[in-house]
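Dock chain B against chain V, hints included.
Going line by line, the protein sequences match chains V and B. Per our numbering, the very first residue in the first sequence carries number 1; after that it's consecutive. Per our numbering, the very first residue in the second sequence carries number 1; after that it's consecutive.
One should not assume that every hint holds.
Chain V stretches covered by chain B per the calculated footprint, using a threshold of three residues with CB under 8 angstroms from any CB of chain B [unchecked claim]:
id : segment
1  : 71–81
2  : 174–183
The following label-pair restraints were derived from C-beta to C-beta distances [unchecked claim]:
id : chain 1 : residue 1 : chain 2 : residue 2 : range
3  : B       : Trp271    : V       : Asp245    : 42 to 50 angstroms
4  : B       : Trp271    : V       : Glu105    : 24 to 32 angstroms
5  : B       : Ala122    : V       : Glu97     : 36 to 44 angstroms
6  : B       : His186    : V       : Glu105    : 12 to 20 angstroms
7  : V       : Lys128    : B       : Ala114    : 30 to 38 angstroms
8  : V       : Leu167    : B       : Ala122    : 54 to 62 angstroms
9  : B       : Val32     : V       : Ala159    : 40 to 48 angstroms
10 : V       : Lys128    : B       : Asp73     : 48 to 56 angstroms
11 : B       : His186    : V       : Gln129    : 19 to 27 angstroms
12 : V       : Ala233    : B       : Pro170    : 32 to 40 angstroms
13 : B       : Trp271    : V       : Glu166    : 41 to 49 angstroms
14 : B       : Pro33     : V       : Glu166    : 27 to 35 angstroms
15 : V       : Ala159    : B       : Gly42     : 23 to 31 angstroms
16 : B       : His186    : V       : Glu179    : 23 to 31 angstroms
Don't read these hints as lab results, they were simulated from the structure. Since the model is a prediction, treat every value here as computed from it, not as a measurement. A virtual CB, placed ideally from N, CA and C, is assigned to each residue, including glycine.
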Amino acid sequence: MDLRLEGITHVYDGLLALDGIDLAVRDGETVAIIGPSGCGKSTLLGIVGGLLKPTSGRVAAVGAPRTDSLNPFTYIFQDFALLPWRSVAANVALALEHHKLSRAERHDRVRAALDLTGLTDFAAALPKQLSGGMRQRVGIARALVVRPAVLLLDEPLSALDAQTRELLMEDLLAIWVRERSTRLYVTHNLDEAARLADRVVVLSRRPGRLRDIVTIDVPVAERSGPAAQAVIAGVRERLWTLIRDEARDAEREVQHA
Amino acid sequence: MPDPGRSGRGSTTAAPVPFRGGGFQPQPRRLVPIVVFVAVIGLWQTASWRGWLPALFMPSPWQIVGAFGDMIDNGTLGQHIGASLSRIVLGWLLGTIAGLAIGLAMGIFSAARAAGLPVVSALFPIPKIALLPLFILWFGIGEPSKVATIGFGVFFPTVIAAYTACDSVPRNLIRMGQSFGLPASHIVWKILVPGAMPGILAGFRITASIALILVVAAEMIGAQYGIGAFILSAGNLMQTDQLLAGVTLLSLLGLAVSVVLGAVERAVLRWR
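The following block holds chain V by itself, in its conformation from the complex (with noise of 0.2 angstroms):
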C-alpha cells in the first residue's frame, strides 16, 4: 500500500507544529523519520495513523492493503502499551478479539505471531516478568497478528538498552525481510534510521517541515554486510551533518522553555 501525505500541517494549543509536510511512500518501502526534539514527528506519525486530526492536508493511501490485513494502519509504541493484567498471548490476541475469526484462525494467527518474534516460551507469562526487549516483542508480535499494510513505529527502542537494541534491530531487519509492509519509523537515533530504512526523511526543528531525504543504497537483506557497514556510517554521518545546529538550538529551546 502506497501512502502519499499531501500539505500535512498542525497547530497544537496555538503552536504550529507541523508545516506542509508533502511525502510520498512506496509501498514495501521503509522511511525513518528524525528531526530535532519537538519538531512533530510523532505528531506526523499519529496523523498517518489516525490518532490525531491534522489542521490541514491529509493522508492518503493508494490501493488496497493485502486481503488477511485486519488493522491496515497498526502501530508499535515506544513505552510498549502492554496490558499488565493480560498474558503475552493475551495481549497479542487483544487485537484480533472484535474480528470474527474463528478460534483456529485466532490461534495460529497468535501463535505465528509470537514464533516470528521469539516468544512462544513465554506464551503464558505477564509482562511484569519481561525484560523491556521482550516487552517490546509482544508489541511487535502484536503488531503483526493483523498482518498490517503500515507499519508505524514510534521510537520504538529508545526505552531499550544499547545491547537490547542491537538485538531488536536485527529482529527487526529479519521481520522486514519476511513479513511485507510499508513502514513509518520515528526515531532520534540516527544509527537505527541509518540501518533499518530504505529512505530517511529529515524534519527541521518546530514547526516541522520537510528539509531533506537520504536516501540508502543497501538492500534490507544486506545491511549486516562489512560493505552496508561503511554505507551506514556515511549515512549516519551525513544525517548529523543535517540536524546537528538544530538539535542544539532545539535542546536550548527546551532547556529555556
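Relative to the frame of chain V, chain B by itself:
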C-alpha cells in the same frame, strides 16, 4: 612496582570505606507485633488484678472475654452480628453498585463528569449520619433508613474512587486500543475497567470502614439489635465489660473485612 591506580595498594594507609547505606527500609519483624500485643494485654490484665484500674470503668481483658462467653451462651452475639452484617452488606452493595455505575460513567463520559462533579463535590462532605433523621422520615425507623444511610455514605467515595481510577489508567493503553480499532465497549471493558481496578479496590477499603462507622451510628440512634445498639445499651446499664466486648467485636469485624478485601485484591490484582 604495583600500579596504585589498579591495585589500590600504593598508599601507605589503607582504611576500609565505611558502609553508609543501611536503614530507612522497612524490614519484616514477625515476632514484634505478637510480643507487643501480648505485653499490652498482659499489662492491662495485671493492672486490673492489682486494682490499679477500676473494674467499673475499665474492665480487665478476662472480664471482656467473659462477656463474650455470656453473649455466646444467651445467643445475643449471633443476633447482634447478624443484624449489623445484614445492614452493612446490603447498604454497602447498594452504595457500591450505584457508585460504580455513576463513577465509571463520570470516568468515561465528559458530559457525565460535567454534570456529576458539582453534585458529588457538594454532597460528599456532608456527614451522612446527619441525614439519618431525614431517611427515618422518608423510610421509617426500620431497616431501610439504616441501609439508606450506609448506602449513601458508601456511594460518594465509590463515585470518586471510580472516576479518579479511570483517570489513572495510562492514556497510552487507550490509544493502543484505538490504534487497533477496538470498539469503545472493548476499550472500556478490556482496558479501562481492569486498569481502574487498583483504584476501585482501594476505594472499597475506605467504603468498608465508612459502612462500619455508619452502621454503629445508625444502630445507636434507633435499633433493637446490632453491635451499635448493643454497645449503647451496655453503656446505659454501666456494663462496661459488655460495652468493650462490643467494641472488640467491631475491631474483629473490621479485621475480617480487611482480610476479605485483601484476598479479593490478591485475586484480582495478581498481575501487579
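These are the hints, each one checked on the structure:
no.	hint	verdict
1	71–81	holds (count 7)
2	174–183	violated (count 0)
3	Trp271(B) - Asp245(V): 42 to 50 angstroms	47 angstroms, holds
4	Trp271(B) - Glu105(V): 24 to 32 angstroms	27 angstroms, holds
5	Ala122(B) - Glu97(V): 36 to 44 angstroms	41 angstroms, holds
6	His186(B) - Glu105(V): 12 to 20 angstroms	19 angstroms, holds
7	Lys128(V) - Ala114(B): 30 to 38 angstroms	36 angstroms, holds
8	Leu167(V) - Ala122(B): 54 to 62 angstroms	57 angstroms, holds
9	Val32(B) - Ala159(V): 40 to 48 angstroms	41 angstroms, holds
10	Lys128(V) - Asp73(B): 48 to 56 angstroms	52 angstroms, holds
11	His186(B) - Gln129(V): 19 to 27 angstroms	25 angstroms, holds
12	Ala233(V) - Pro170(B): 32 to 40 angstroms	38 angstroms, holds
13	Trp271(B) - Glu166(V): 41 to 49 angstroms	30 angstroms, violated
14	Pro33(B) - Glu166(V): 27 to 35 angstroms	51 angstroms, violated
15	Ala159(V) - Gly42(B): 23 to 31 angstroms	56 angstroms, violated
16	His186(B) - Glu179(V): 23 to 31 angstroms	25 angstroms, holds
The structure fails to meet hints 2, 13, 14 and 15 from the earlier list, while all remaining hints are met.
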